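S.K.: Below are the chains, spelled out letter by letter.
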Amino acid sequence: MDNIAGKKPALIWATHISVLVLVFLWLFPTVGLFVSSFRTADQIASSGWWKALFPQEQNTMIRTASPETQQQIDGNYVIEGNLFEEEGDAAGEISAWGTSSRDIAAYGPGETADLGDDGQLTVAANGDYRLVNETEFSGRRGERVFLTAVTPPSFTFDNYRTVLFNGQATDKMGKAFINTLTVTIPATVIPILIAAFAAYALAWMDFRGRAFLIAVIVGLLVVPLQLALIPLLSFHGAVVEWFIALVGTPMEDNARRFAEVGALGRMLGFEPGDTINSKGYLGVWAAHTGFGLPLAIYLLRNYMVGLPKDIIENARVDGATDFQIFTKIILPLSFPALASFAIFQFLWTWNDLLVALVFLIDSSGETTVMTRQIVELLGTRGGNWEILATAAFVSIAVPLTVFFFMQKYLVRGLLAGSVK
Amino acid sequence: MHPALQGLLTIAIGVGACIGYFYFSNIILDKVIFPARGANAGRNINRANLVRPWLFLLPGLAALGLYLAYPVVETLRLSLTDRDLGGAYVGLENYRKMSGDPKFWEAMRNNAFWLLVVPAMSTAFGLLVAQLTDRIRWGSIAKSLIFMPMAISFVGAAVIWKLVYDARPLGTEQIGILNAIYLALGGDQPMNWLTIPFWNNFFLMVVLIWIQTGFAMVILSAALRGVPEETIEAAIVDGANPFQIFFRIKVPQIMGTIVVVWTTITIVVLKVFDIVFAMTNGQWETQVLANYMYDQLFRARDWGVGSAAAMVIMLLVTPILVWNVYNARKEMK
Numbered sequence: 001m002d003n004i005a006g007k008k009p010a011l012i013w014a015t016h017i018s019v020l021v022l023v024f025l026w027l028f029p030t031v032g033l034f035v036s037s038f039r040t041a042d043q044i045a046s047s048g049w050w051k052a053l054f055p056q057e058q059n060t061m062i063r064t065a066s067p068e069t070q071q072q073i074d075g076n077y078v079i080e081g082n083l084f085e086e087e088g089d090a091a092g093e094i095s096a097w098g099t100s101s102r103d104i105a106a107y108g109p110g111e112t113a114d115l116g117d118d119g120q121l122t123v124a125a126n127g128d129y130r131l132v133n134e135t136e137f138s139g140r141r142g143e144r145v146f147l148t149a150v151t152p153p154s155f156t157f158d159n160y161r162t163v164l165f166n167g168q169a170t171d172k173m174g175k176a177f178i179n180t181l182t183v184t185i186p187a188t189v190i191p192i193l194i195a196a197f198a199a200y201a202l203a204w205m206d207f208r209g210r211a212f213l214i215a216v217i218v219g220l221l222v223v224p225l226q227l228a229l230i231p232l233l234s235f236h237g238a239v240v241e242w243f244i245a246l247v248g249t250p251m252e253d254n255a256r257r258f259a260e261v262g263a264l265g266r267m268l269g270f271e272p273g274d275t276i277n278s279k280g281y282l283g284v285w286a287a288h289t290g291f292g293l294p295l296a297i298y299l300l301r302n303y304m305v306g307l308p309k310d311i312i313e314n315a316r317v318d319g320a321t322d323f324q325i326f327t328k329i330i331l332p333l334s335f336p337a338l339a340s341f342a343i344f345q346f347l348w349t350w351n352d353l354l355v356a357l358v359f360l361i362d363s364s365g366e367t368t369v370m371t372r373q374i375v376e377l378l379g380t381r382g383g384n385w386e387i388l389a390t391a392a393f394v395s396i397a398v399p400l401t402v403f404f405f406m407q408k409y410l411v412r413g414l415l416a417g418s419v420k
Numbered sequence: 001m002h003p004a005l006q007g008l009l010t011i012a013i014g015v016g017a018c019i020g021y022f023y024f025s026n027i028i029l030d031k032v033i034f035p036a037r038g039a040n041a042g043r044n045i046n047r048a049n050l051v052r053p054w055l056f057l058l059p060g061l062a063a064l065g066l067y068l069a070y071p072v073v074e075t076l077r078l079s080l081t082d083r084d085l086g087g088a089y090v091g092l093e094n095y096r097k098m099s100g101d102p103k104f105w106e107a108m109r110n111n112a113f114w115l116l117v118v119p120a121m122s123t124a125f126g127l128l129v130a131q132l133t134d135r136i137r138w139g140s141i142a143k144s145l146i147f148m149p150m151a152i153s154f155v156g157a158a159v160i161w162k163l164v165y166d167a168r169p170l171g172t173e174q175i176g177i178l179n180a181i182y183l184a185l186g187g188d189q190p191m192n193w194l195t196i197p198f199w200n201n202f203f204l205m206v207v208l209i210w211i212q213t214g215f216a217m218v219i220l221s222a223a224l225r226g227v228p229e230e231t232i233e234a235a236i237v238d239g240a241n242p243f244q245i246f247f248r249i250k251v252p253q254i255m256g257t258i259v260v261v262w263t264t265i266t267i268v269v270l271k272v273f274d275i276v277f278a279m280t281n282g283q284w285e286t287q288v289l290a291n292y293m294y295d296q297l298f299r300a301r302d303w304g305v306g307s308a309a310a311m312v313i314m315l316l317v318t319p320i321l322v323w324n325v326y327n328a329r330k331e332m333k
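Order-wise, the sequence lines are chains A and B. Quick note on this note's numbering: the first sequence kicks off at 1 and runs consecutively. Quick note on this note's numbering: the second sequence kicks off at 1 and runs consecutively.
Treat the hints with caution; some may be incorrect.
[To be verified] In silico lysine-lysine, DSS-like type, Cα no more than 30 Å apart, as pairs:
#, chain 1, residue 1, chain 2, residue 2
1, B, 271, A, 309
2, A, 309, A, 328
3, B, 31, A, 175
4, B, 97, B, 330
5, B, 271, A, 408
6, A, 175, A, 51
7, B, 250, B, 330
8, A, 328, B, 97
9, A, 408, B, 31
10, B, 103, B, 271
11, A, 175, A, 309
12, B, 31, B, 103
13, A, 309, B, 103
The hints are simulated quantities; they were obtained by calculation from the structure and are not laboratory data. In this text the structure is predicted, and so the values were computed from the model without any measurement.
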């Protein structure tokens, strides 16, 4: 059916072109961020990223080497060098230059400018310059030179180095990356197991109220987790207070701090004066588990119902218990559905901001996750695109990798998960 | 203890506890409480089988009850109380306070526009891409590229689109593509797109449309594949042109799926938070309900009004909830 009747060649061309345009539109913003993360701050500020892939004409200001490097040649004082090398860029082609910001294109390449008391400056097209004066150069800084030059595309990994390893505290995505991973993996594994058992019961065991429970789970699928924030935050607080009272004595003014620690508490490593924070990893794991369960149960049940009945009944006849049927037959056969849900939950917990904000990140900021870190950067360094773009790309890279390798399961999960 | 280690330990404990629970509870049920021996062997087996489903369901139901069902009730209760008065019952006072807040009505208005625009545009684009890529050889590559934003976090998408909307003063090079195009087409000065009241809402919606189109496309593409070949062939034989085939033959047959996609995206829209939080934080008249609620809960520290706002979101979701449950029950019969 590649070339069905009723389709004109013109229409086929139109189809190809429209798809090309749509793909281009959808890809363009992401590519922009990706390209920007490999450019220096100067490059990002001086030209749009879409020009970065081509050699481009740029206006820049570069200083010659400082007077400390001057040499005496034939009775004149000389400073020599290459302008591009002063800036670290290796190459370029100068089309015009000047020594004043008011007239940045006063001279052509190879011409000599007379700077009066400051001597004569000659700049060649490749950036070589020679500053000559009869008297000694003084001052600390070199002469300013304004260039109009065509520079080849150049990219750098410096941003990634800054963001991941040696940035200031707010730029440190490295730690946030580990934290995000710490949130994500238990929050993906635990609900799968709990949901698998429940799904098996709902799919293959007969009991009163089964249909009702399935309906409840379908209903819970769409309950906004916004409703859960305050009640659960109080609940987590209550659990902490209960725990403190269990292993020690709470302080009077602050119920979440130990006045004394009992034997059990000492064994767990607590000391008097310790505070237990109601925000933390345990809370966020529990919250993600709870919020992920309806989809998990729903997906897995739908899949398990479709498994061949004969296998299960034969196993029953052979005397297998439900527990054996579940672990030996259902679980291995349900692998595709388990994988689908695992990807969903992984993407959702990795990309989550709200749950982490409410249940995990305390005032110390030690447990910050990447999404939170990026929002912070948007506020404090909204103009520093090299940092922002790189930080965002670090956080996007992992889900994108998962996406491209496991797309099959994701699509399958979406198809099974949308309520029909 | 390092959190990563703590995480590994949690996985081990969590998984171990789950497996242990299921394994031992089954053993206890079969060997201790209702042993399949002695005089009552038959009756005991039946009894054990009556209890067993609930053993399997218990952890899941407990978590669902605690983390989703209980909060609905508790939020309703909180929305009728005042925290400053020590949680005293104040009736509908919080709702009255909220309805006197212009920011709330701004959020309601914006949410209404979000609800109208985002599901419609995402579904339309998704349907368009699904149809266009249906019969072309590189269709699956095209689809996977358009699907890709689904994997990107709302926060990441916010950064991506902030770069698109970036504005630099007139006279310097524009680094945001939108302003570069706008100036190239004869615009007189760069615009701060996100600060133009009312229209900035639509610039935020673009981000969600960009993300959700892939979802709509995947579902609708599968539905289009499911349209029986005979109906299309019959239409071709009758001389229908490609547009008639699409709108008169295919679309009516996948209408059910279109509704599903539409409602699913509607729910995403009602909960939209991260995009607004990261891009404008509700400034310049871009407030939405979920962000308004967050503001009330964690900035104004007013749990009453915050819970009332959450209940409004719940109320808006309820029709879809009922519809989904109704359909699921119908399907099971």
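S.K.: Does the alpha-carbon distance linking residue 103 (chain B) and residue 271 (chain B) stay inside the 30 Å limit?
M.R.: Holds, because 17 Å separates the two Cα atoms, which is no more than 30 Å.
S.K.: Holds or violated: are the alpha carbons of residue 309 (chain A) and residue 328 (chain A) at most 30 Å from each other?
M.R.: Holds. Residue 309 (chain A) to residue 328 (chain A) sits at ~15 Å (cutoff 30 Å).
S.K.: For a C-alpha distance cap of 30 Å, please report whether residue 175 (chain A) and residue 309 (chain A) respect it.
M.R.: The hint is violated at about 49 Å.
S.K.: Would the hint linking residue 97 (chain B) and residue 330 (chain B) be met if the CA-CA limit is 30 Å?
M.R.: Between residue 97 (chain B) and residue 330 (chain B) the Cα gap is close to 41 Å, so the pair fails against 30 Å, i.e. violated.
S.K.: Verify the proposed pairing of residue 31 (chain B) with residue 103 (chain B), using a straight-line Cα cut of 30 Å.
M.R.: Violated. Residue 31 (chain B) to residue 103 (chain B) sits at ~62 Å, over the 30 Å cutoff.
S.K.: Please work out if residue 271 (chain B) and residue 408 (chain A) have their alpha carbons no farther apart than 30 Å.
M.R.: Since the Cα atoms of residue 271 (chain B) and residue 408 (chain A) sit roughly 27 Å apart, the hinted pair holds (cutoff 30 Å).
S.K.: Next pair to validate is residue 328 (chain A) with residue 97 (chain B); report whether the Cα-Cα distance is within 30 Å.
M.R.: 58 Å, violated
S.K.: Mind checking the alpha carbons of residue 408 (chain A) and residue 31 (chain B) for me, to see if they're no more than 30 Å apart?
M.R.: 44 Å, violated
S.K.: With a cut-off of 30 Å on the C-alpha distance, tell me whether residue 250 (chain B) and residue 330 (chain B) pass.
M.R.: 24 Å, holds
S.K.: Between residue 309 (chain A) and residue 103 (chain B), is the straight-line Cα distance small enough, at 30 Å or below?
M.R.: 56 Å, violated
S.K.: Would the hint linking residue 31 (chain B) and residue 175 (chain A) be met if the CA-CA limit is 30 Å?
M.R.: Since the Cα atoms of residue 31 (chain B) and residue 175 (chain A) sit roughly 50 Å apart, the hinted pair is violated (cutoff 30 Å).
S.K.: Residue 271 (chain B) and residue 309 (chain A) were given as a pair; does the straight-line alpha-carbon distance stay at or below 30 Å?
M.R.: Violated: residue 271 (chain B) and residue 309 (chain A) sit about 39 Å apart, past 30 Å.
Hint violations for this structure: numbers 1, 3, 4, 6, 8, 9, 11, 12 and 13, all remaining hints satisfied.
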